[in-house]
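K.L.:
When you get a sec, could you build the whole thing from the sequences and use the hints?
Number of protein chains: 2
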Amino acid sequence: MRVIVLGGDGYLGWPTAMHMARRGHEVLAVDNYLRRTLALQTSSEALVANPNLVDRARIFREAGGPAVRVEIGDCRDFAFLERLFREFQPEAAIHYAEQPSGPYSMMGYDQARLTLDNNLQSTFNVVWAAIQQAPRCQIVKLGTMGEYGTPNIDIEEGWIEIDHKGRKDKFLFPRQAGTLYHTTKVLDTDMLWFYVRLYGLAVTDLMQGPVYGLSTPEADLDERLMPNFHYDDIFGTVVNRFLVQAVARVPLTVYGKGGQTRGYLNLNDTLQCVSLAVEKPASPGELRVLNQFTEPFSVNEIAERVRAVGNRMGLDVRVEPVPNPRKEKEEHYYNPVHRGLLELGLQPHYMTEEVVADLLERVRRYRDRIDTARIMPRVRWS
Amino acid sequence: MRVIVLGGDGYLGWPTAMHMARRGHEVLAVDNYLRRTLALQTSSEALVANPNLVDRARIFREAGGPAVRVEIGDCRDFAFLERLFREFQPEAAIHYAEQPSGPYSMMGYDQARLTLDNNLQSTFNVVWAAIQQAPRCQIVKLGTMGEYGTPNIDIEEGWIEIDHKGRKDKFLFPRQAGTLYHTTKVLDTDMLWFYVRLYGLAVTDLMQGPVYGLSTPEADLDERLMPNFHYDDIFGTVVNRFLVQAVARVPLTVYGKGGQTRGYLNLNDTLQCVSLAVEKPASPGELRVLNQFTEPFSVNEIAERVRAVGNRMGLDVRVEPVPNPRKEKEEHYYNPVHRGLLELGLQPHYMTEEVVADLLERVRRYRDRIDTARIMPRVRWS
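Quick note, the sequences are listed as chains A and B, same order.
Residues in the first sequence are numbered consecutively from -3, following the working numbering.
Residues in the second sequence are numbered consecutively from -3, following the working numbering.
I should point out that these hints are in silico values taken from the structure, not numbers from a laboratory.
Mixed in with the good hints there might be a few duds.
Since the list gives no way to pick one copy over another, a pair counts as held whenever it fits inside one copy or between any two copies.
Within a straight-line C-alpha distance of at most 30 Å, the following computed BS3-like cross-link-like pairs (lysine-lysine) qualify [stated by the list, open to error]: (1) Lys166 <-> Lys325; (2) Lys323 <-> Lys161; (3) Lys323 <-> Lys253.
P.N.:
Structure follows, in C-alpha cells:
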C-alpha cells in the first residue's frame, strides 16, 4: 500500500514510518520539524540528539531497512500537500502532523494560537488534499483519549446511543478536554465527522492514551534510529519522565494527589494499532473511532511501579508529590471501553516489571545527558 | 454598560449597535467589512447599497440617535483587538465577527479555509482579549441552531443529562452541523466551553435560527440606516429570499421536498434576545446556552405563508420546488426546546400575515433593484 506519514519525524511518526516500510508498504514521510523547533525554543530537546529525517531514512537503509521517502515541508501549506497527494497517490494517510504538547499549548497566547492554527489547518488540508487529489485515500488520524476528559460515565469508543424522552439517536461521545492542545483534537474530530458525512471519506480516529518507550525492532537496528525521547515537563509524557527521573536520582514528580487515571500503551503497541487501522481500513462514509490504549493506571500506580523496579536495580527511587500545575480532577471515575483494536488483532505489550527494567536500562546509557533543570513543571494552567 | 459589538456592520450587527445605544449603553462597533467584500466577490450585494459603518454612525446621530463609536479593523489581528479591549474596557462583547454564510463556506477550498480561519481565530482572539485586558467582560456569542443539526431526539438548550449504564453526567448537547460554516460554530462552542472551564469566563452562546426582516425602530429613522438585506442564495436567508422572489414575480425556490424545519425569528426579536443576554448576564464560569428562535416552520409552510399574503396583495406568487443543492434531510423530526429567552423576558414578534404583508410592502419599494439572476442556487454541497 502507498502510505503517507504526516509528522513522520515525530516520537511516533518516525517509528511508524520505519514499521510501515518494514511491513512492505511504500512509505513517504513528511515533516516540517515544528516539534524540534518548539522543543529547542523551550529548552526541551530530546534526551539524545536525533539525526534529521533525511539522514534517518539513509541510516535506516544502510542498516538493512527498506527505503523511506522523505519530503520536508509544512502541511499547513496546501499547495505543498496537494502536490504530494497528486504525485504519490497515497492509499492511506497517517496524520500525526500536529503540535503535540498539552503544556506547550497552555504557555500563553502565542503558543495557544500556534497550536490552534497548526492543528486545525493541517487536518483541514489533509481532508482537502485527499478529496481533491486522492479521493480513495483513507485517513488514519491520531486523536487522544484526552478528548473525552474524565466524565462520570463509562467512556465508549467514540460513539454513544442516547435514549432521551422516549426517542433514540446515536452521537459522537461527548468530549471535554483539559488543555487547548487536547481541545484542538476535539475540533479535529468534529471537523472530520462533518467531512465524512459530506464526502464519504473513510476515516479512523485513534483516541490514543499516553505512550511510553524508546525501543522498537526497527529503532534498535542502529542507535541513531531511536525515537525522539523527551523527558521534560513540556514534551515528555509521564512514564518517560519518571524513567528519566529514576535514573537521574531525582524524586518522581507526581502532580497533586496522583489519582489522575489514564489509559497507557507501549510504543510498540502504537505501531501495531496504526498498522492494523491502515491494513483493516474504515469503510467509505465511516468515522471509525478506536480507543487506543492497553492498560489504565493512576499516576501513583505508575510512580510505584517505576520506584519498585528502580530500587531493585539499585537506583534509590523516591516519589515526591508537587503542587499540580494543571487544572484537572485528581480523583475521578474512569472506565473507558477499549475493545475495537483487540478485535482487529492487537497483541498488547503490558507494562510488566521486565518492560520497566528494560526501559530503565536503556535510559541509564544516557544518564550523562539528563538535564535535571527540565524536570519540575515550568507551565501552569492558570 | 460599555458594549463592544464585533461584526458591527452586519445584517444583525448594525441593528444591534443602534439598539444597544438606544438602550443607553456606550457602544463601540467594530468591523473589517469582510461580509461586504465576500458579497461583492460573489455578486451577492445587498438589495440596497448601505453606507459604510462610519457614515451609518453619523447618519444615526443626525437622525437623533445616540453616538455609536466605530473602529474599522480585523478581529483576527490580536494587536488590534487587544488595544480595543484595553482602551474601551468593555463590560460586554457581542461577537458576530464571523463569515456568516453556509453556502459560501461550501463553494470550495479557499472559501472553506477562509471561513475556518476567520471564525475560529476571531473567537479565539475575543477570548484572549477579554482574559488579558478586560477579565470581567462577559461574552455574548452568536451561535446557530444549525449546530445541532436535525437529531431524532428533542433538542435541549445546549446541555443534556446522560444516564448511561447506571451512571449520570451532564454534557454539551451533541452537535452535527450541515455546512462548514455551521461546523465552525460547533468548534467555537467547544473552544468557548474549554475557556469557560479554565478561566471562569461568563459566556452566553445564542443558538440562533434563521432571522428575517429589514425593519427595526432605529433602522426606520432613516432609509440609509436599513440593515444589509441580502436576498441571494449565498448571503440571503430563506424568508428574505422568498419575500424578494414574491415581489420579483419569480417562483419561490423551495429546495427539494421542503419539509426541512427550522426555528425562525424576527430581526426585532434578535435585538431583544441579545440585549436580554447582555443585561441579564451569565455568571462567571458559566457557559449559558439559549436557543434563540420563536417559531418552527418547514420551508413549505413559509412558502405557503408568503404565497397567501402575496397573492392577497396582487403579486401572483407561485412556488416551485428545485433540486436541493444541499445535503440535508428533507423530512425529519424536529422538536427544539426554547424556554430560556422567554424566561428572561422575550416578547416574541410572530410571523403573522400583517408582518409578512409589511415586509413585502417594504421590499416592493426596491423592486427595481432586484437582480433575478441571484435567485437560483449557485452553490452545490457535493
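K.L.:
Indicate, hint by hint, whether the structure satisfies it.
P.N.:
Consistency of the hints with the structure:
1. Taking the closest pair of Cα atoms, Lys166 and Lys325 come within 30 Å of each other both inside a single copy (28 Å) and across two copies (16 Å).
2. Only between protomers do Lys323 and Lys161 lie at most 30 Å apart by alpha-carbon distance; the minimum there is 28 Å, versus 34 Å within a single protomer.
3. In the homo-oligomer, the alpha carbons of Lys323 and Lys253 lie at most 30 Å apart inside one protomer (13 Å), although the nearest pairing across protomers, at 50 Å, exceeds that limit.
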